[in-house]
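Let the sequences and hints guide you as you build the complete structure.
Those protein sequence lines, which keep their order, are chains L and Y.
Numbering that gives the first Met the number 0 numbers the first residue of the first sequence as 0 and each following residue consecutively.
Numbering that gives the first Met the number 0 numbers the first residue of the second sequence as 0 and each following residue consecutively.
Don't read these hints as lab results, they were simulated from the structure.
None of the values given here were measured: they were computed from a predicted structure.
Beta carbons are placed, not taken as given, at the ideal position from N, Cα and C, and that holds for glycine.
It is possible that some hints are incorrect.
Calculated cross-link-like contacts (lysine-lysine; reagent style DSS-like; alpha-carbon spacing at most 27 Å) [what the hints assert, rightly or not]: (1) Y:225 <-> L:666; (2) L:396 <-> L:352; (3) Y:562 <-> L:638; (4) L:78 <-> Y:510; (5) L:428 <-> Y:248; (6) L:635 <-> Y:510; (7) L:78 <-> Y:57; (8) Y:638 <-> L:225; (9) L:79 <-> Y:57; (10) L:510 <-> Y:57.
Quick look at which bits of chain Y chain L covers, simulated, 3 or more residues with Cβ under 8 Å [unchecked claim]: (11) 240–254; (12) 296–304; (13) 399–410; (14) 485–494; (15) 517–524.
2 protein chains.
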Amino acid sequence: MTRHIPFVRLALATAAPATLALAAACSGPDPTAAPGTPGSAAPGAAPAASGDLAALMKARGLSEDDVTAALKTYTPTGKKDEYFVFASGGHGGNVIVIGVPSMRILKYIGVFTPEPWQGYGFDDPTRALLRSGDRAVGELNWADMHHPALSETGGEYDGQYLFVNDKANPRVAVINLKDFTTTQIVTTELIQSEHGATFVTPNTDYIIESSQYPTPLGGAYADFTKFNDSYRGAVILWKFDREKGKIDKAQSFAIELPPYMQDLADAGKKVSDGWLFINSINTERCWGGNLEGNPPLESCASQNDMDYLHVINWKKAAEIAAAGKTTTISDMRVIGLQTAIDEQLLTFVPEPKSPHGVDVTPDGTGVVVGGKLDTHTTVYDIPKILQLIAAKTYTGKDPYGVPILDFKAAIKGQCEIGLGPLHTVFDDKGFAYTSVFIESVVAKWSLADLKVVDKVSTHYNIGHLVSAEGDTVSPDGKYLIAMNKWALDRFAGVGPLLPQNFQLVDLDAAKPRVIYDMPLPLGEPHNAQMIKADKLKPIEVYKPVGTNPLTHEKDAFAVEGGKERIERNGTDVHVYMTAIRSHFTPDIVRAKEGDTIHLHLTSLEQAHDATHGLAIGSHDINISLEPGEHSNVTFKVPKAGVYPLYCTEFCSALHLEMAGYLLVEPKG
Amino acid sequence: MTRHIPFVRLALATAAPATLALAAACSGPDPTAAPGTPGSAAPGAAPAASGDLAALMKARGLSEDDVTAALKTYTPTGKKDEYFVFASGGHGGNVIVIGVPSMRILKYIGVFTPEPWQGYGFDDPTRALLRSGDRAVGELNWADMHHPALSETGGEYDGQYLFVNDKANPRVAVINLKDFTTTQIVTTELIQSEHGATFVTPNTDYIIESSQYPTPLGGAYADFTKFNDSYRGAVILWKFDREKGKIDKAQSFAIELPPYMQDLADAGKKVSDGWLFINSINTERCWGGNLEGNPPLESCASQNDMDYLHVINWKKAAEIAAAGKTTTISDMRVIGLQTAIDEQLLTFVPEPKSPHGVDVTPDGTGVVVGGKLDTHTTVYDIPKILQLIAAKTYTGKDPYGVPILDFKAAIKGQCEIGLGPLHTVFDDKGFAYTSVFIESVVAKWSLADLKVVDKVSTHYNIGHLVSAEGDTVSPDGKYLIAMNKWALDRFAGVGPLLPQNFQLVDLDAAKPRVIYDMPLPLGEPHNAQMIKADKLKPIEVYKPVGTNPLTHEKDAFAVEGGKERIERNGTDVHVYMTAIRSHFTPDIVRAKEGDTIHLHLTSLEQAHDATHGLAIGSHDINISLEPGEHSNVTFKVPKAGVYPLYCTEFCSALHLEMAGYLLVEPKG
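See below:
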């Protein structure tokens, strides 16, 4: 990428156009240019004036490399980013959409947490959606989102759906990428925490969610004295109905696992399609109790030299489940551990101490495991593993009878990476990139000979990596993002709570290097997916007018212009209201103390970006109404008074006058 | 700034160093460099290689101006931004902290809306803080934040506090900039909506909040038939106790105003210190009713050629309030309209149709008003206004007896701006910058001769502007941000709901121009403040260990290392827990179904950025625990079971093992 043309020759060659370009630049904004378009000089016409550059570089303390990085990431007004990154919002319980290479945040998608600015959780459909994700203990208004997964067709991202998980309160949500809207949340009491989620099979038949901290299955209680017998892990295979765009819970099933801490997971692809890989830690089966005379969990759980990579035959498991060889625990069909063993659904392969990342290679022949207390990545040879399983060539069994394969026989080899390898992603040239926690680097290594070829220095507490189309059968290379959890010294101080730091790495350069530091100021964005922007075909407005975003169909209560009205039925007041620049109709709502108001609100707009909002004072209501959208809002009016209502989006010059009143008369 | 050195001469002059610099660049990351530092070439050593530049510019379609813009905004890893922007989070109910010139989001500050990722609203102190902002109708979990205001000393930002408002549910919040934490929310039932908030007096004696949509004062009910007699506006002057860092409600007071729609406000400074200016729309006193046979509000409210600029003597008003000439309405001392007239606290000056922005000039001698249905900005002459008031030179009275000054006698003049002037900010060279809605430009004009000298093309639905230190007595110039509400065609498509678009304008350039487009993907960021970053002195960790962020004192329940314990008192279980890499002590909490758990949690960390989180599965609890922070969390355990608890921040290599269990035994 960085060709070094002799400087003087280039300079002379471009002197004339450069001068012209500068003259043009001096004439300032082109009146014919689109709004906000800064310049008018022709793209690539000539290098920028060295005089200006030298002065600017000096003034802002920029190095040669900084200038290159700036030009590789700066995206002028009106130019679109090449890739979308869908990053988990961590504890924010939402999804962060980032443009690459500009690293600008383009959107937040409300998922598990109410988001008033988008009206999410503030109208009836989204409130019901959030409540559908509550668990037995009670209402949930946050999540610990970790691993977003894009829907795939033939192992390629198809840009249709995004799936996300909740580690703290095991749940999975479905996001429709037509309008970047959450449409479903599913949960089960079978497990009480998870981590290996979400990961999809190559055609998105199933969405994988596997448990992390062992508990009695189904939400039962048992003391630690019964840990080995009563505590279990499980992996859930949520069946996805692409036609309906929904998870089909009835067709979903789970497999019981021993009470280890199952960790990350990945689905096989190509030659390994049909198989599933989950690693595990704490095969020591420690449960802590540091104030009860037990050793601290972190040391107790780090004694064994080897833990177990779980190799699961999910296609056969689906047949076993279909054959009814399951027990229903809480509301989930579960294949028991003994059945899984008897049917050869579950096999273990030793993996070096305390593994974390488990990533299937693009060609599907290998699984890369990073042992966080190790110095290697281990590359497993899936065809070999499948042969050994077929031949039942076991070296032993775990305490629960799960057959174990021979470590050496099951691997392609190991790569000496450095201290604390975690996660691995891939490019289009046969290289793997592994985050190395203790060293704070990304190690670039060759899948062919398992040798490190380069290391990229990153910031502290590096965790997951994401590369362009990286989890598909054909990664793009080009860009990689290191998701670092610490940011000290990187950005201006904002108090004790600092942002995370996403560092964009340029994989096209002769030497991969960090070209952008992006502070991530919400939640603990954990993992992400990067997809070509042109694979998505989002809609711009809702058609027909009156569409309900959750169903993408016209709402039964959609209101037509001219047919606005208020209907009272006892203490229920139905308000059929429309919004269009610059008024609501009706703009006055009259009710009596104690009434229940059923607001049916349709935006008549069909112009892109002509969003309205509706706030009703003191009643905790803010609705965001995109062009053509319909929303239903039910609320009580407990106290007499006069409450202004108004449009909360700056929609027109007379936006402030797009207002009205809710009048609540005292009783009798 | 853009000096045009003849290209060839510069090129030859720098050829040698350039070549050297390139050689250095090719050697890649400097192993001795700080983590994440991309390059090693010396800052400003030489312009980047023209060869690389030309190729890069061509490849990414960058113009000359784009290159300059990129180098003016790109901020390499480890380099700090020069300014902080505190932008309202709009309907997000939070504050967005942005670095300038990089336009990267550095932090979100939870204010009116729960923010699980920072534990805001999920522990006892912040839950109580949120609930202290509820209004009579019920619980509120969102806000429509509009105008942040930084605390001032002598008319300069002092970097100590930030104040924000809620238009929908009239409230004001105080944020401590020591740790970017919300510490207080105040509200009163006196008014039911507001807009002219928050604005501070030059020494932050008072924080101004003025109503928008008229209602009966104190939350009473009255029909529109009584609109002229029973509906009113009001301006509240919240007394700020800088010593305590809190608003003193008992020392605060309000002034009753006629039932117009009071709009934006600003405080006088220097020669006009002690005075307050609020503009108004809808002096027609329309209330809508488009389904009740009335004309739509937006046309009815736009009939008058002139509305009224409210000129208020707040220093004298404070004396009148102190003298007890007030009536208490709900919980607020109110100076009645007649008293305000009798005591000469309130005077009107006509202002051209439907004004919006009202901005006092840095020297305090002028107020600039933009009439959104006008083509001018009007510059009022405050000394003249004060003379006219002193001499009681009135031309008439409004229907409520408020004296009115002569328009022509009260102004310095008008500036022909263009269609739809809204808000005005200032630089250090005597220029004013006004957002022009219909034209989508920022007009640069001279305060000296009221002539437009330049126009900067921006994107659609331009609203507020913010300039560096712009609301102080000594603005910096340098940077201006146009806060545009629309973003269509600017960024990659993300469905019907688009981000906002903050456009950074370079005021140092020969011609001011847009140098960065920043998508703002949460809420409707409305207005902002821009302050020199080095004016803030945020803390890095909480000292002493066990500090409560809301009081900045050691919490009564702070836990010392070694003194962790669990104490049961009936059904109340007090858990004294500490957190340090990589365990909680105790890591097991045992309770019985129906118990109430009182968790007292102290982080023993004192390393910058060593944040821990605590999630308790299924119980809707996530706490963010900064180094040294103490938090108290009270919650019920309604259902028997085994619930994992764990650290939600990626704190160390053994972060996954920083976990434990909440065991809830079934009842006897």
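Here is how each hint holds up against the structure:
1. Y:225 <-> L:666: Given pair residue 225 of chain Y, residue 666 of chain L holds - Cα atoms ~19 Å apart, limit 27 Å.
2. L:396 <-> L:352: 18 Å, holds
3. Y:562 <-> L:638: Measuring from Cα to Cα gives roughly 49 Å; hence the hint is violated.
4. L:78 <-> Y:510: Satisfied, since the Cα-Cα distance of roughly 22 Å is no more than 27 Å.
5. L:428 <-> Y:248: 66 Å, violated
6. L:635 <-> Y:510: 55 Å, violated
7. L:78 <-> Y:57: Given that 27 Å is the threshold and the Cα spacing comes to 14 Å, the pair holds.
8. Y:638 <-> L:225: 20 Å, holds
9. L:79 <-> Y:57: 16 Å, holds
10. L:510 <-> Y:57: 21 Å, holds
11. 240–254: violated (count 0)
12. 296–304: holds (count 4)
13. 399–410: It is violated: at least three residues are needed, and the segment 399–410 of chain Y offers just 0 whose Cβ sits closer than 8 Å to chain L.
14. 485–494: holds (count 10)
15. 517–524: holds (count 6)
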